[in-house]
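Chemist: Let the sequences and hints guide you as you build the complete structure.
If you're matching them up, the sequences are chains A and B in order. The first sequence begins at 1 in the working numbering and counts up by one. The second sequence begins at 10001 in the working numbering and counts up by one.
Just so you know, the hints here were simulated from the structure itself, not pulled from any lab data. Here the structure is a predicted model, which is why all the values come from computation and not from measurement. Please note that the accuracy of each hint is not assured.
[Unchecked claim] In silico lysine-lysine, DSS-like type, Cα no more than 30 angstroms apart, as pairs:
| # | chain 1 | residue 1 | chain 2 | residue 2 |
| --- | --- | --- | --- | --- |
| 1 | B | Lys11115 | B | Lys10665 |
| 2 | B | Lys10682 | B | Lys10617 |
| 3 | B | Lys10702 | A | Lys92 |
| 4 | A | Lys92 | B | Lys11115 |
| 5 | A | Lys92 | B | Lys10867 |
Letter by letter, the chains look like this.
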Amino acid sequence: MHADWMWLEEVKGRERGELRTRRFEAAARARRAASLELSNRKEFATPHHGAVNSLQVDLTEGRYLLSGASDGSAAVFDVRSATEYEAGFIAKHGNILLVDKQHENGHKFAISAAVWYPVDTGLFVTASFDHFVKVWDTNSTQVVMDFKMPGKVYSAAMSPIATTHMLIATGSADVQVRLCDVASGAFTHTLSGHRDGIMSLEWSASSEWILMSGGCDGAIRFWDIRRAGCFRVLDQSRSQLGRRPPLLQNTNDKDHMDSLGPSPSTRSYSAQKRTSNSKKKSPDLRKSQNLTHGQMQQRLHPGLSSSQNRATAHYGAVTGLRTTTDGMYLLSSGSDSRLRLWDIDSGCNTLVNFEAMRLQTGKPLQLAVTEDPSLVFVPCMASIKAYNLWTGTTSQTFRGHYELVNCCYYSAQDQECRNFILAAMIGKFLCGLHQLQLLLKWKTMTSGTGFLQLMRITGVTKNSCTSVY
Amino acid sequence: MADRIEKKNGGSQALPLFRLRPPSPSFSHLVEPSSQWHTAAAEMSVWNYVVTAHKPTSVSHSCIGNFTSPNQLNLIIAKCTRIEIHLLTPQGLQPMLDVPIYGRIATIELFQPHNETQDFLFIATERYKFCVLQWDAEKSELLTRAMGDVSDRIGRPTDNGQIGIIDPDCRLIGLHLYDGLFKVIPFDNKGQLKEAFNIRLEELQVLDIKFLHGCVKPTIVVLYQDNKDARHVKTYEVALKDKDFVEGPWSQNNLDNGAGLLIPVPAPLGGVIIIGEETIVYCNANATFKAIPIKQSIIRAYGRVDPDGSRYLLGDNTGTLHLLVLTHERERVTGLKVEYLGETSIASSISYLDNGVVYVGSRFGDSQLIKLNLQADASGSFVELLERYVNLGPIVDFCVVDLDRQGQGQVVTCSGAFKDGSLRVVRNGIGINEQASVELQGIKGLWSLKSSFNDPYDMYLVVSFISETRFLAMNMEDELEETEIEGFDAQTQTLFCQNAINDLLIQVTANSVRLVSCTSRELVDRWNAPAGFSVNVASANASQVLLATGGGHLVYLEIKEAKLVEVKHAQLEHEISCLDLNPIGENPHFSSLAAVGMWTDISVRIFSLPDLELIRKENLGGEIVPRSVLLCTLEGVMYLLCALGDGNLFSFLLNACTGELTDRKKVSLGTQPISLRTFSSKGTTHVFASSDRPTVIYSSNKKLLYSNVNLKEVNHMCRFNTAAFPDSLAIAKESELSIGTIDDIQKLHIRTIPLNEQARRICHQEQSKTLAFCSFKYNQTSMEESETHFIRLLDHQTFEFLSTYPLDQYECGCSIISCSFSDDNNVYYCVGTAYVLPEENEPTKGRILVFAVEDGRLQLIVEKETKGAVYSLNAFNGKLLAAINQKIQLYKWMLREDGSHELQSECGHHGHILALYTQTRGDFIVVGDLMKSISLLVYKVAFNSLLDTLQQFYFLFQSLHWANYHCFSFGQHEESAIEERARDYNANWMTAVEMLDDEIYIGAENSYNLLTVRKNSDAATDDERARLEVVGEYHLGEFVNKFRHGSLVMRLPDSEMGQIPTVIFGTINGVIGIIASLPHDQYVFLEKLQSSLVKFIKGVGNLSHEQWRSFHNDKKTVEARNFLDGDLIESFLDLSRSKMEEVAKVVGVSVEELSRRVEELTRLH
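Modeler: Structure follows, in structure tokens:
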């Protein structure tokens, strides 16, 4: 979009009010994201003796990086201030906190997910293959709470926007999503629907009640935790094409529908409905539907129609989920080596054809999205690829890791370390970059599964977009 | 380096403490606890008062409709945070209302709901508030019909500007605020707004949305850009019941790549005009497609001429006005036609008023009222300029010039953009332009006399001295020459002089009152003071004389048939200090009231005339004697003004019938006795208060305003309107008599120096009496667009162009300062530049040019190449500090062997994204980064290593015979460094920074906020010391381009306000504002006043003041703290008396005290 972006010209345009401030920011961010590069002046000294499975920078200050690794250890780093300097200018960031197997409450097996308490840095949560989810006090490095799960825990997530609940959503080898309440120390919900273990979980960015889960059964399910059952299953074959019938057809439909009964809404969930908790709309949701409109059947929850309930988002397991920060889109990665972009509102596959990639299949992947959102970062075997979110083209490939990459994190809060001494490099500013580099330095390891790759014909979605209903 | 090592040895780094808030679910994300004050006494600059000195003038929107009444046509103009309502009258535009809006106006729209006869105004603000306003004709104010919040959790705020549109049939309001969402606010049958809902819009990059006219269902047309940067339009019907879109009747793919504006065509033609950069296209539902090529231009403003939509005015980015004609046969469009009309300011909005009169609103230049003529003039233009409305925006840079060295700055701004660029000289107060002057010592009084009573011009100037009176008259050569008036007593001091009816002249001296004929100049009649008494003070009008002799005697004389008749005599208990009988009633020659000021009891009394009855006595309090009273009528309101010996002035509203005095107000104008005199300028009466701080008192909006005059000290003043010096004033200063004209009476005086190119950076050099600025001009040749950049030199007094230095091709001036260097007495202009090469996305080359002014020419002394754009320059301890791309670089000034100088880099600091703005103070440097907020750097010299270095190098130097040069100095060899001391870790995108004092720094950021940060020198841990603590946050709602220390008003050192440091800022919308750092107690008091005012002064559309002023950006929203909204506080003075009393009660002080304190504040600007 801004191929000819020139700082000086844009500053000039901004100061006379010609270039909108928001646009200035967006363009600057996009350019900086596009010019990400491996930093050679910043290093993270890893205390882990195994693959890093999870990374997150805290959401309040953007200063503390939390990592969880397959040796059962979790560590916190200060991204801002280096612990020492090598050769005077390479900033070395050592861990400022470490909990490993030696710790009295440490996890016995690999940590699959480590997340900050979204409100402040006083707590963090780790989930492990040892069937435990633990809540840690950061200052005392003690476990304040733990939850025993029925199987290996693959993922844990907390809603970054929640103001009325403190739930940790956990996905494990068991088929149920469990919600652990930090406030009470108890399980509050079990969400059933998946037919296999749950690899990835993501809270909605626009409603604190909406949770999305991706299972090994290839399904992505949407849950409203205030209601029973899942209210949507994403179907890779349902696209936006033809979602809005053309005018003429619609007028025919209208007559048809008018004869059927009062107020048959053609929409499934508008954003309005989801965010408002008006009760008068809920009966509407359960109303029997006009069969000519496929998507309406999705409102039949609990217990969506059996065919819907069987819909899949990916062939194989859903390994990663990430919403865009605007809360409008969901990205999913699957063991079919596909990345899909979903419109959350309608639940449609947007059919963005992400260029061929090879993804790890056997374990959860942590994807990252820029704030705009313009780029998605995907761990692709030993590299990280950045794709344009709207066109699906590869914009950059980050190489440098010697082994498989499991996770990446993009921090838009450009908290800079204090003593950054270099000039020539571009893109040195983003923590996203530090994370990329972090992964490099850590030489991420795989659990040893083969690089079996499920190849799919490109355009499979195209063929299947005709509605089956 | 040293600092770092020190730190390491200083002990292990303290581990940061993680914050833990109680895990209670009822926390709030938004409100942060306000921090505690540490050391109150030391910090002056924490508590800031922000006030607008010049309101926004850049016009973003305008619309036309029947707002105030069904049969009145109104023009409504949006100026960012203000709305102006004008009425169209045969005489022109008549302003009706000018109100602030608590928000930045994103869209305004007039509409007429069903069952209504007049239009409503819909306003949406950039922070997602909207309101619907109606005109209340009875109270002449705005009535809020509806308001609400349309923000969403979901979605990303659109980058292309918010869109707000109203269905032509008033079925719904449509808003595009977030990418991918279209918000609908439906109307019900009664025209009330219903609950809003969102509709998903698949098109992400929306450029424009409009409603189509004449559709059965509300239909929008969307202009958007796809992923491949191609542009298309698409239509959607809004299905209100289903809360969704239905694919619309038509769409059009692959339009002009520059298409950016949609113009819906009213029914019956219908359809839409799509304005591109090279083509204009008309489309409609019947698959009509008409296109016309145009000369490449970017058209962003349009105005519909005919209600049927067959003609439109289009304004492009070069200021050209075109007429677009839609030719049609009945209801079928047959073609398009574009005609050139002429040149205007670069239009941001065009409103066709009536009869060929058009309002052109502009953001880059002055807004205009133009008339479209039927015939072209000689230059082929159909446009005739009727009126210009001054616009200072965008103020890209400015400098404060204190020409008179009196502490009163005038601001010279780089205003406007493109061809409308200009310099504007903004000065507070009223200028007296001296025309003639003579040296005259000891003037005790000054009056002008006409040669006959009905002569429009003044003829004589009566100058009174301690023991004589001299008469000056205009001679045939229009020179002032001494003359004689035989009947007058020239051997004594004159107390008063006046033209009287029947062509007579009155002279009052200590012992007599003389009546002299104008024609014969001979004495006609005479009244002598009683023996043993002498006249102390006297006043007269055309037919009356009032005088006071010692002992409290008040004598009233009337002129009857060319005789002085003593009508009445009164004996008062105290001595009389001053009196006045200026006619304020119906009869201009006769007053029925007299005002008298008294010694001893310090009172002012009103007497009725001719019976000399005391009808009112007002005690002034205090111990200072009234020295001058004046009865006057300003804008039809009668006032009694009473000035004291200490420079204070009382004003009262006067009831002419009863003599009742109300609405007493006290202001301080100066420190010396004031004498009051009326004068008229351009047919309006004003009052001149002569004192050590001469002031013009005038009335605007029936409110008294005080504006100081650009003169130092005036003892006496009188009107002197002669044919040679029309509308002039005679002014007696300490040792001089001068005659001068007076500027237009307004608070801020603005002078325009048109450039026809855009000035970007300006600075003033006192020593050479010049101003220098960087500017550039767009050259639009047939295909290519290029810029040429210049450095230009101006005389600082006359603003005459002295010299121009053209920069290289692709070179662009980025910064300019005036500075001097150590070991060099000369003063230089330093200019920082950048080469903007087409293939680069960050400048890699620039220059620093050092100029000297020699004989009014810019002489290039030194040039130094840099590795990037020099965004900012600062004088720094006799050296030059430059911000070059990511780096801060310090240069020292070195003398070379041949006697010439060079800039040699000394040390630098990396670690910025783009160091755009820098300010320095002592050894400290504050950097405003593109996106990394504010950081504080410090310049350090490692002294301990200095001696070693010197010893080591000493022999080396000797052998190299370098030591012979006097450039051998400590500075050259010392190990110096610039290091970061602290920074603000918030991600603020800075737009300007300034240091308020050593500890507190102010910054403006990209989301229109202000913030202050404090250096934490005494913090306990390294971690805290390295952090600039945010101490103040405020949403200004304006994009600040520059802060500068200085003041627009004269600062009296002994007044309370004189001690308050102020910073001036300039914004894109043309606002000039003042930030004053208040003492803590005053801040606390005013904060209390502000919080009570919020309750009494409701925002237009019920928008909340608290929300408006809360610091807001993408990351956070927090309540404003340590900033006060001066505009709100000063609006206290506009309240009615009863409301003032209510406010005063809440605040807990008297109305007078409160008014005084607020009025004091208004003196800051």
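Chemist: Would you mind marking each hint as holding or not holding in the structure?
Modeler: To see whether the hints hold, each was checked on the structure:
1. Lys11115/B x Lys10665/B: 46 angstroms, violated
2. Lys10682/B x Lys10617/B: 35 angstroms, violated
3. Lys10702/B x Lys92/A: 69 angstroms, violated
4. Lys92/A x Lys11115/B: 29 angstroms, holds
5. Lys92/A x Lys10867/B: 29 angstroms, holds
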